[in-house]
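Could you build the full structure based on these sequences and the hints that come with them?
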Amino acid sequence: MTALSKLLWGGIAVFGAIALAVVALSRGETINSVWLVVAAICTYLIAYRFYGLFIGRAVMQLDANRATPAYRHNDGLDYVPTNRYVLFGHHFAAIAGAGPLVGPVLAAQMGYLPGTLWILAGVVFAGAVQDSLVLFLSTRRDGRSLGEIIRSEMGATAGGIALIGVFLIMIIILAVLALVVVKALAGSPWGAFTVMTTIPIAVIMGVYSRFIRPGQIAEMSIIGFVLLMTALIFGRSVAESPGIAPYFDYSGETLAIMLIGYGFVASVLPVWLLLAPRDYLSTFLKIGAIAALALGILIVMPPLKMAAVTRFIDGTGPVFSGALFPFLFITIACGAVSGFHALISSGTTPKMIENETQIPFIGYGGMLMESFVAIMAMVAASVIEPGVYFAMNSPSGLIGTDAVKAAATIGSWGFTVTPDLLTDTARDVGETTILSRAGGAPTLAVGMAEIFSNVLGGKALMGFWYHFAILFEALFILTAVDAGTRACRFMVQDMIGAAIPAFRNTESWANNLLATTIAVSMWGYILYSGVIDPLGGINTLWPLFGISNQMLAGIALITCTVVLFKMKRQRYAWVAAMPALWLLICTLTAGLQKVFHSDPAIGFLSHATRFGAALAEGKVLAPAKNLGQMRQIVFNDYVDASLAFAFVLVVVSVLVFGLLEIRRARANDRPTMREIGAEQAGMVHA
Amino acid sequence: MRDSTTNLRWGPPAASNLKTLVSRIRETSRLMVGIPDYDRYVEHVSTNHPERPIMSYREFFDNRQQARYGMGMKRCC
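Residue numbers (my numbering), protein chains in the order written: chain W, 1 to 686; chain G, 687 to 763.
Don't take every hint at face value.
Said to hold, decoys possible - Ranges between beta-carbon positions, derived for each pair: (1) W:Pro270 x G:Leu704: 25 to 31 Å; (2) G:Leu707 x W:Ala510: 29 to 35 Å; (3) W:Gly414 x G:Gly756: 49 to 55 Å; (4) G:Gly756 x W:Met229: 47 to 53 Å; (5) W:Pro242 x G:Leu704: 32 to 38 Å; (6) W:Gln216 x G:Met757: 32 to 38 Å; (7) G:Gln752 x W:Asp402: 20 to 26 Å; (8) G:Met757 x W:Gly10: 48 to 54 Å; (9) G:Asn749 x W:Gly155: 32 to 38 Å.
Said to hold, decoys possible - A short list of chain G residues far from chain W (calculated; beta carbon distances all over 10 Å): (10) Asn703; (11) Leu704; (12) Lys705; (13) Val708; (14) Pro736; (15) Glu737; (16) Pro739.
Said to hold, decoys possible - Covered stretches of chain G, going by a simulated chain W footprint (3 or more residues, C-beta under 8 Å): (17) 723 to 735; (18) 742 to 750.
Read the hints as simulated data drawn from the structure, not as lab findings. Predicted model only: the values in this text are computed from it and were never measured. Virtual Cβ for every residue (Gly too), placed ideally from N, Cα, C.
Structure below.
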């Protein structure tokens, strides 16, 4: 290092330390959100320069002269050597979604500090490490998927178990994401209208790019965007018209059924008609909105109104149940560490890397960027009044359905808020009520509206900005729902096809419809149970999602540890083993608590016991209204408990396979990993 | 790819840098939705596999769209 760069990095370290100290040590006085942003950026810079590059150099021992899959299989289609900045953008767009926006918002109930510290520590030592190591493994194996890597390095059984785990995770993700949309759109004609218009808009775009101007992405996206903004503006008139508004005013149950039907239809339609064009819109809107949020925070520099730490770290919070450990660490998955990224890092990105040495920039750096999105979500949730935050995120079972009672309950928790503020906020954003709009999206939307309206439009445009934020989240969640359903359908066909080979035929309409029905009914069932859930669903299902996602990360990091042992790099195995261990501790504790905890608010079985006992006496416990609903609640508890337990079993068995494989690797005195491409010096074409 | 000395001059080089930037942004945006560079595909096939037929842009677009979405997309949270 030159003296100048030492000085520069020293400066960044000092600046970052000061910002972090301001964030962590201020008690009672309000701090500006810019401190949070500065602390995060300095942490990222230092982590990348000193840990990300270290991993690339010492742990991966990247070889600039080794031909990557993009060169060895170059076909101009899947395998294309791609400029690293372009690939970084591609990779970031693929990993960033609703997760980093929702988790931090929910975690804000414990104050901004615990979540922020976990986001920063998690991304540096776990999330970015996982993403870049999996990218490395896949790049050295012709861009193979995580499942294939597990199979070839740890055996077919471990691979099969991991595959079942991935399938369950997909189902949970789809159900939870759909639930976020339901929570945001229920009783909101403006929101429901705009989101529904995205369907005809996507079809117009699809037809345009198929028949009128084939393949003109920019043109059709601009057309789509203009139509979308028109619908968004017009949505206010719809909501204000007593004649039309009722047609777009849906209950949660109706929305759930509509979404389930939509998921089915959208996933069997030709992709060019609906799925692809809507993905274009949602991708560009997502990147644009994230950039706008970053810009907005820097221009407005809003103060954080949420306390650094609230009393709810003891586990009694209304947003999600359970104490800081382990539940904070599963509530914020994406943004800190997300197992799902292991699927993306072993997807298209490794097939396009120009040179191995770019792996830290794309894998580690891309994840740092996503973590920054999570930090911005934390800021957005913390700039709104804490009383409003709790009104939006607490289940109606706790705070009731009218502003006066809600304000009183939230006041009793120590967060002063007037009923007027609750109704005024609802009016400002163009809604009739903001109570119990759990799921993160509406809260984030209020936060974003607060920030954006400070830049442009003031109070007059707050409703527009709120619904813009809702729209952008709903849009990419819906894309995830139909694309994910489609992916699940093929997984179902693959799994059942293992027993009945004829079912693998993806050309058959019967197979297609049957597999889609199975996939849709699985996530649809969980979604519906979430919608009618007494605690509002998010409270119950988000932890399951967090556990599953973190367990996948655990599986990916166990795989990385095993491969490091097989490469005879056990000296550096701690880089993957340390976060793997932490994730196992968190997820196993959380998973077992969700199943067996004696508090019915946390443990599914004790909740089932409580309702089961009442049922046996013929009593009806709120919020159930009759014995049938009581039976439903007990049954759902057993479903949720089984899912949580299944995740525990999956991760424990992968751990056992991993340990056995490590023992085998240690007994061998030569490297035993199965890489591809080391022997080929020149460039070989497929 | 880029000539570093051009950065030292005023005028046209700045314009060409801007052009590179714009084309990179365009390329990134298209790749984000699964469409790689068509010209590079044509160049690749015509240089390395002159015996193979080259897809028209329309065929190429459909091919890539199907590749990205056909089997469903795993999209993160």
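Do the hints match the structure? See the list:
1. At about 39 Å, the CB distance of W:Pro270 to G:Leu704 disagrees with the hint of 25 to 31 Å.
2. With their beta carbons about 51 Å apart, G:Leu707 and W:Ala510 fall outside the hinted range of 29 to 35 Å.
3. Taking the beta carbon of each, W:Gly414 and G:Gly756 are about 53 Å apart, inside 49 to 55 Å as hinted.
4. Distance hint check: the CB atoms of G:Gly756 and W:Met229 are about 30 Å apart, inconsistent with the given range 47 to 53 Å.
5. Roughly 52 Å separates the CB atoms of W:Pro242 and G:Leu704, a value that falls outside the hinted 32 to 38 Å.
6. A hinted range of 32 to 38 Å is violated for the C-beta pair W:Gln216 and G:Met757, which are about 25 Å apart.
7. Here the CB-CB span from G:Gln752 to W:Asp402 is close to 52 Å, at odds with the stated 20 to 26 Å.
8. Evaluation of the 48 to 54 Å hint for G:Met757 and W:Gly10 yields a pass: the beta carbon distance comes to about 50 Å.
9. For the pair G:Asn749 and W:Gly155, the supplied restraint of 32 to 38 Å holds, since their beta-carbon distance comes to about 35 Å.
10. For G:Asn703, the requirement that its beta carbon stay farther than 10 Å from each beta carbon of chain W is met, with the minimum near 13 Å.
11. At roughly 15 Å from the closest C-beta of chain W, the C-beta of G:Leu704 stays outside 10 Å, upholding its exclusion from the interface.
12. Against the 10 Å criterion, G:Lys705 stays outside the reach of chain W, whose nearest CB is about 15 Å from its own CB.
13. Look at G:Val708: its CB is around 12 Å from the nearest CB on chain W, clear of 10 Å, so calling it non-interface holds up.
14. Separation of G:Pro736 from chain W is adequate, the least Cβ-Cβ distance of about 13 Å exceeding the 10 Å criterion.
15. At roughly 12 Å from the closest C-beta of chain W, the C-beta of G:Glu737 stays outside 10 Å, upholding its exclusion from the interface.
16. The Cβ of G:Pro739 lies farther than 10 Å from every Cβ of chain W, with a closest approach of about 13 Å, so its non-interface assignment holds.
17. Closer than 8 Å: that is the beta-carbon criterion, and the region 723 to 735 of chain G has 9 residues meeting it against chain W, so the requirement of 3 holds.
18. Counting residues of the region 742 to 750 of chain G whose CB lies closer than 8 Å to any CB of chain W gives 7, which reaches the minimum of 3, so the coverage claim holds.
Going through the hint list in order, the structure does not satisfy hints 1, 2, 4, 5, 6, 7.
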